[in-house]
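The listed protein sequences correspond, in order, to chains A and B.
Counting in the working numbering, the first sequence runs from 1 upward without gaps.
Counting in the working numbering, the second sequence runs from 1 upward without gaps.
No false leads were slipped in.
Quick list of simulated restraints, FRET-style, between CB atoms:
(1) B:28 to A:56: 49 to 59 Å
(2) A:204 to B:176: 37 to 47 Å
(3) B:230 to A:201: 53 to 63 Å
(4) B:197 to A:47: 15 to 25 Å
Calculated directly from the structure, the hints in this document are not laboratory data.
Note that beta-carbon positions come from the ideal geometry of N, C-alpha and C, so glycine has one too.
The primary structure of each chain is shown beneath.
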Amino acid sequence: MKRIGLIGIGKMGLSHLAIANQTPGIEVKAICDTSKQLIRAIEKNTKFVCYTNSEKMIKEVPLDGVMILVPNAYHFDLVKYCIEKGIHVFVEKPFTLSYKDSKYLVDLAKINNVKGQVGYVNRFNPVFQRVKKLLDQKAIGEVTNYVNRMNGGVILKESSKGWRNDYKKGGGCLFDYGPHCFDLSSYFFGTDVEVQSSVLKKVFSTAVDDLVYATLLHNDKIVGFNYINWSDGSVRKATNNIEITGSKGKILASKQELSIFLTEANKELNLEKGWNQMYVTDENMDVPYYLRGEDFSRQLIEFSDLLNGKIEESISSFYSASITDRLLEETKSLNKELL
Amino acid sequence: MMDKVIFGDNQFFGVNHMSEQTAIKQAQKFRTADDIYKTLEYVNDIGIKSFMFTTHNQLEEVFEKMKKNPKFDDFKLYPSMPYAHKYADALIELGPFEMINKFTPGNKLVSGLKGVGSVISANPVPIMKLLVDSEMKLLKGMNVQGIFLLNIVTDLILGLEMHDILFEFAQYTEKKYNVKAGFFTMNYAKLHDVLVNKLGLKDPIIVSNINKIGFRMNPSKKEVESVLAKKDSYNIAMSFLASGALRPKEAADYISSIKGVDAVLFGASTPSHIKETKQIIEEIFNR
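If we strip away everything but chain A, and leave its shape as in the complex, we get (with noise of 0.2 Å):
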């Protein structure tokens, strides 16, 4: 059983907390927040040792593993801080705010043998990683060009305050939306990407982008279009939507649903020729305990694997988690200015 201890107990801190606790091969031994009204009422009415500072957790408390779930400011120092004492760690997005940060992470975990792993979630969705299995299984054949699209409702009428009308504080929709997207972008099509432009408008915000265009290219042969609004007024929740293209057909997927077209029969894959449907209820989704979705316990299980040696490194790493950070950079500075 691998100790684990989480800082920042926010929205989303508060549901790892409980997935964490209910996760095979992990413990949680301590959690830590500064918020002290907030860590009393946990103390108060749960069995965790709790913390207003982290750096005394982590000295008093012995740990195999932390889960960082602080304001994306403050990732960089805790991820280093974590690092240096030798102790594994799960951070959520994006890594950092740069990628050239997030590239001296990636190389200082590996000098201090560390693992780690970034809150990508996307990347354990049971619709996605059948997706990036038909990929690698070249069921379309070779992808030649796809489009990314994720839409949701943040930004819905027009405003001037707020952190998310602010780039310094982290604001802005490809700050926000971004990430997720970018990501599954390189989760599906490679690392070796770069991004040739980009247009960034506003649509309700008045200092930061609320659409994003961007255009990227993988190994020299996948062009990708990648399409994010989080003015859209027209989604529930978040929505991830990818269409992509092969030589032998072509693949639409979202986190629920996945048709896929072929030219020809498939018969090793059991696929027809011409359109075929398939559901996330296809896929065995069995989780020890379920809170917000499989995604997010499927990913606290492959942190507990980490920690426990059962794989070597997490397909959310900081390595392609940092790819996805030079990504947003070079989407706001191909830029020119915002519309």
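For this one, chain A is given, so just place chain B on it according to the hints.
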């Protein structure tokens, strides 16, 4: 105790676990309170006498119409709470103290202080009671036969092992409203163990996914089946059609083949589907 056939509300609010498109299509049918009311009227007319729903604000108008129609006098309501978005939105717009005031029934100042006091003293039980009272305000004078805790809350409490709150909730609904508590969960086996073995609740009502393909039966279909068969809880199956992945006949055959399912909760948006599903469920229990 409860009816075998219980009508649910997902179709009214654009929820489908398998397909976003289906959810959108269903939500289009129910744009107004009148659309929802008419469906419930049909449901009541064909003899489904139990409705289980999340306490959405949009239902307030529907209930007002129902109160005026004596046909609904024997129509049983099973509210499921809390509808988290309502509180999350209020929390963002008003802040924690104003939010508690907004949702506090009766004397705003006094009960407001009660809530604020419990935030400060870090005791979640008075807050739970305030929230239940607030949600029940919507249903004053109506035929409420049970109060249910939604899975996002049940499972969070379960995950954090704050089991006392589940116990207090069950006590409170019985004491104050004279109805049994029920619990939605996506972790049937774990929750059953806590309610029955750890907390000693007698025949607790548990609503969970039970279907032939094992969709969201955690930790596994086999484990859930074996706990269901103990028959020491009142088990309501939801998603028995696995959000449309199963044909009604095979879905029903499966429910009949296992032990321990006491009732089935289902949703559908067209009269023919509602009627057909009702008959299928009734056949399960008549076999």
